[in-house]
Amino acid sequence: MADKIRVVVAKPGLDGHDRGAKVIARAFRDAGMEVIYTGLRQTPEQIVETAIQEDADAIGISILSGAHEHYFKAIEDLLKEKNAADIILFGGGVIPESDIPRLVEIGAGAIFGPGTTTTTCIDWLKAEVAKKKK
Amino acid sequence: MFEDKQLEEIKAGKERFKASVDKTLAKNPERKEKFTTSGGIPLERLYTPDDINCLDYAKDIGFPGEYPYVRGVQPTMFRGRFWTMRMYAGFATAKASNERYRQLLASGGTGLSVAFDLPTQIGYDSDHPMAKGEVGKVGVAIDSLADMEILFGGIDLSKVTTSMTINAPAGVLLAMYIAVAEKNGINPESLGGTIQNDILKEYIARGTYIFPPKPSMRLITDIFEFCGTKVPKWNTISISGYHIREAGSTAIQEVAFTLADGIAYVDAAIKKGQDPNVFGKRLSFFFNSHNDFIEEVAKFRAARKVWARIMKERFGVTEKSAQMLRFHTQTAGCTLTAQQPMNNIVRVAIQTMAAVSGGTQSLHTNSLDEALALPSDESVRVALCTQQIVANESGITNFVDPFAGSYAVESLTKQIEDGAWEYIKKIDDLGGMLAAIERGYPQQHIQDSAYDYQRSIESGDRIVVGVNKYHIEEDDSARKLLRVDETVGKNQEAELRKMREGRDNVKVKDTLEDIRKAAQGEENLMPKILDAVRVYATEGEICGVLREVFGEYKENVVL
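Residue numbers (this note's numbering), protein chains in the order written: chain E, 1 to 134; chain V, 1 to 559.
These aren't lab readings, by the way, just hints derived from the structure by calculation.
Ideal Cβ positions, reconstructed from N, Cα and C, are used throughout, including at glycine.
There may be inaccurate statements among the hints.
If we take Cβ atoms under 8 Å as the criterion, some of the chain E residues that face chain V in the derived model are [stated by the list, open to error]:
id, residue
1, Asp15
2, Gly66
3, Ala67
4, Ser98
5, Pro101
6, Gly115
7, Thr117
8, Thr119
Derived DEER-like restraints, expressed as beta-carbon distance ranges [claimed, not checked]:
id, chain 1, residue 1, chain 2, residue 2, range
9, E, Thr50, V, Ser459, 30 to 36 Å
10, E, Lys82, V, Leu43, 51 to 57 Å
11, E, Gly32, V, Leu46, 40 to 46 Å
Generate coordinates for the entire structure from the input sequences, incorporating the hints supplied.
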């Protein structure tokens, strides 16, 4: 069981839209991953702390409030600061396509917009974790 | 509803029909083995008088404007006047939002609906650390009366009605609205509008709670009492199923959980000694209009009926207008697709038709680009025009409750009604909605439905055009999206600092202390909050004091 992927699904900031986060958390769990769902109103510090303590392979954040750039940057900066930049960061929500290059530049591994299937996210995450463990 | 002889003939006809269908099916099977509504209600192939024979027209359906209000709350409905076309809007600063409001009113919008940013909704000033990155993003940033004065500048508050989507700090924003009116010489008694003020659905589905349930319910009943005498035309609450549906519930769950929330509010106010015949008139509701047209029309009709029965039979309400379920509707944001966004115009039009056929009192139509960002000016215009076209061109507004008597619609209305009663009974058994929320009961049911919905899309059982079928690669990069940049937050912080320096800080401190004392006791908080906003105490300062006294709610995470 040591090979189980461990993923933190988090809702940063004040956004209360948690349908997507909960659906993807359940889909990850059904796909055999160990899922830590944080609930709402998490600060970047709390999210990074959770990921480190839980020895997570990845952090997935869901943002529908338009504050995505702020939170991706804050979380990525903290990961670097805490020597945890090997933790994969990805996310989804209402994020304009034109913002994605900037988020990738900050350090997001992937951004999954509305309409993405859970299978797409699962396959991507499995492949990324496999690459990292090689 | 039908004569015995007639029914015998219909039943015999159905048998004969079934035999002929079986022959057809042997050659040409139907598209699916099982047909259901979007919310999973199993559907018959054909509805006939036999399916609605259990209904007694006079008792179960009745006439518009009469108990149980299945056919609408007014006798003439849209033959009298159209619903209020109320577009939810607000972004960035009070000044930018004020411009959009004036533009909406100039292009035929008939009421305002204010979207606040998340810090405002959660009781933080724009310079609070938790507000970082969120100022002005999903709505307008309001820190104090100074912002509110700009927000409604040049708009005659005695002529428009204003709806404010504000919950945990609803009393503070209502107090600011009253203070703006007073400054313009308008008597609060003449003010019309709505505050959402529905904390239970925040715990269940929307997430902008601040305080724990008990003090939150007290704030709500304080508002009921205060408005009863001081702002009598104000709708003191908008009990909302919208967000429950957006979070993934079925149509039946939307009706059931919303009305169960309603029961909890009525119970709380009665416990405070208030009369449901009085405050019941000011309760309003808010529903979602989803894609499944027939199911939605039936849902609105069923909701009116169940609520009328709750008020009359459970609470003994005799005042007609306190038995009526009056509601606002918003088209379903969760049905909008980021792929081929122009298709969303059609979805919104169908949802508009459903809301209107279901007899809504006011409506917000979503814009085609809302799966991508906040709506642009142009897309908002199309959304508003969609309502105007349905109102003026479709012809359905010439009828009162046009789908009444449809065997399918009446059957579904009954099924939704029965399904809602079942949930309400379960919630009663759990000890009411507060106890049910504590146990994660509605949350769990909504999540299960949301997960089923997603799986049905991925399995292809549920088709979403442009997403899992008929997908076309489209270059949408030229679309102009509305953006709120980071300077908005910085400017708002600077204005706030300036405002704090210019006000009488001794008065502010005194009024905040008065709020603290009132919060620790039993006194109605509203007059104290009004005193504080008048001297420009900020929303964050007022909520900060209340946080110290009441504590904060911690989410019961259910997965």
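Hints the structure violates: just list their numbers, smallest first. 5
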